[in-house]
Amino acid sequence: DAGVIQSPRHEVTEMGQEVTLRCKPISGHNSLFWYRQTMMRGLELLIYFNNNVPIDDSGMPEDRFSAKMPNASFSTLKIQPSEPRDSAVYFCASSIWGDEQYFGPGTRLTVT
Amino acid sequence: AQSVSQHNHHVILSEAASLELGCNYSYGGTVNLFWYVQYPGQHLQLLLKYFSGDPLVKGIKGFEAEFIKSKFSFNLRKPSVQWSDTAEYFCAVSGNNDMRFGAGTRLTVKP
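In order, the protein sequences belong to chains B and A.
Here the first sequence stands for residues 69 to 180, where the numbers follow the numbering used here.
Here the second sequence stands for residues 253 to 363, where the numbers follow the numbering used here.
Worth double-checking, as some hints may not be accurate.
[Unchecked claim] Negatives, chain A to chain B, calculated, CB over 12 Å:
1. Lys323
2. Ser325
3. Ala355
[Said to hold, decoys possible] So the derived list for chain A, only partly shown, Cβ under 10 Å to chain B, looks like this:
4. Tyr288
5. Leu296
6. Ser336
7. Glu340
8. Ala344
9. Arg352
10. Gly356
Please keep in mind that the hints were generated in silico from the structure rather than gathered at the bench.
Quantities reported herein were computed from a predicted structural model and do not represent experimental measurements.
Don't be surprised by glycine CBs; every beta carbon is placed ideally from N, CA and C.
Please build the complete structure, drawing on both the sequences and the hints.
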């Protein structure tokens with residue numbers, strides 16, 4: 069298996085633009101997690117899904133952020149409009165619920 | 253929701269020193285416990301995990317962790333650290349339909 073796949077790996081955008089981050093989980097995994105990591109705030113859980121259903125989105129910072137999982141093999145995290153404080157590394161991880169999470173390589177987002 | 257506490261924010265050690273990183277969680281039910289490592293510029297990877305059985309768990313690269321149920325703790329240990337162990341270490345807990353990570357402990361090993 070190729071592991072968790074995230075795209076793009078790097079994204080540079082201007083403030084106010086829409087940003088869409090993509091994730092393909094490992095086949096057979098039924099849980100998917102989105103995290104944000106910065107030096108200031110550390111690793112933050114934004115949202116997670118079980119069987120494509122959002123279970124806890126309490127970590128989503130504000131309404132500018134939204135996440136979807138239309139099927140078991142794809143998820144998106146969208147920021148609209150983006151702001152400079154959204155600059156971070158965004159990780160997607162998948163697992164069989166309750167077991168080890170496998171992390172993707174991350175998307176480094178820079179909002180200027 | 254359950255929570256995970258890692259008491260040490262930044263630990264600095266010399267090579268060959270022994271390591272112990274603390275992790276406590278707040279949840280009384282059955283839990284699965286994990287330690288992950290994140291090397292500089294990389295993503296998180298699993299070091300070891302505990303589901304049941306022997307409370308002393310051995311992981312990769314000489315790391316081990318001990319589950320003490322009465323103390324709600326799952327501390328990570330290594331008898332002799334190397335410069336290459338410089339990384340950030342995260343404790344995680346899953347249970348009761350929830351999964352949480354601790355804030356992480358940055359380990360710096362001086363050569």
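We went through each hint and held it up to the structure:
1. No beta-carbon of chain B is positioned within 12 Å of the beta-carbon of Lys323(A); the least distance is around 22 Å.
2. The beta carbon of Ser325(A) is kept farther than 12 Å from every beta carbon of chain B, the shortest such distance being approximately 20 Å.
3. The claim that Ala355(A) is not at the interface with chain B is violated, since a C-beta of that chain comes within 12 Å of its own (minimum 5 Å).
4. Because the smallest distance between the Cβ of Tyr288(A) and any Cβ of chain B comes to about 8 Å, under 10 Å, the interface hint for this residue holds.
5. Here the hint on Leu296(A) is kept, as its CB sits about 5 Å from the closest CB of chain B, short of 10 Å.
6. Because the beta carbon of Ser336(A) sits about 20 Å from the nearest beta carbon in chain B, more than 10 Å, this interface hint is broken.
7. At about 9 Å, the closest approach between the beta carbon of Glu340(A) and any beta carbon in chain B falls short of 10 Å, and the interface hint on this residue holds.
8. Contact between Ala344(A) and chain B, as hinted, is supported at the beta carbon level, the nearest pair being about 8 Å apart and thus within 10 Å.
9. Nearest Cβ of chain B to the Cβ of Arg352(A): about 7 Å, under the 10 Å cut. The hint holds.
10. A cut of 10 Å between beta carbons decides the hint on Gly356(A): the least distance to chain B is about 6 Å, and the hint holds.
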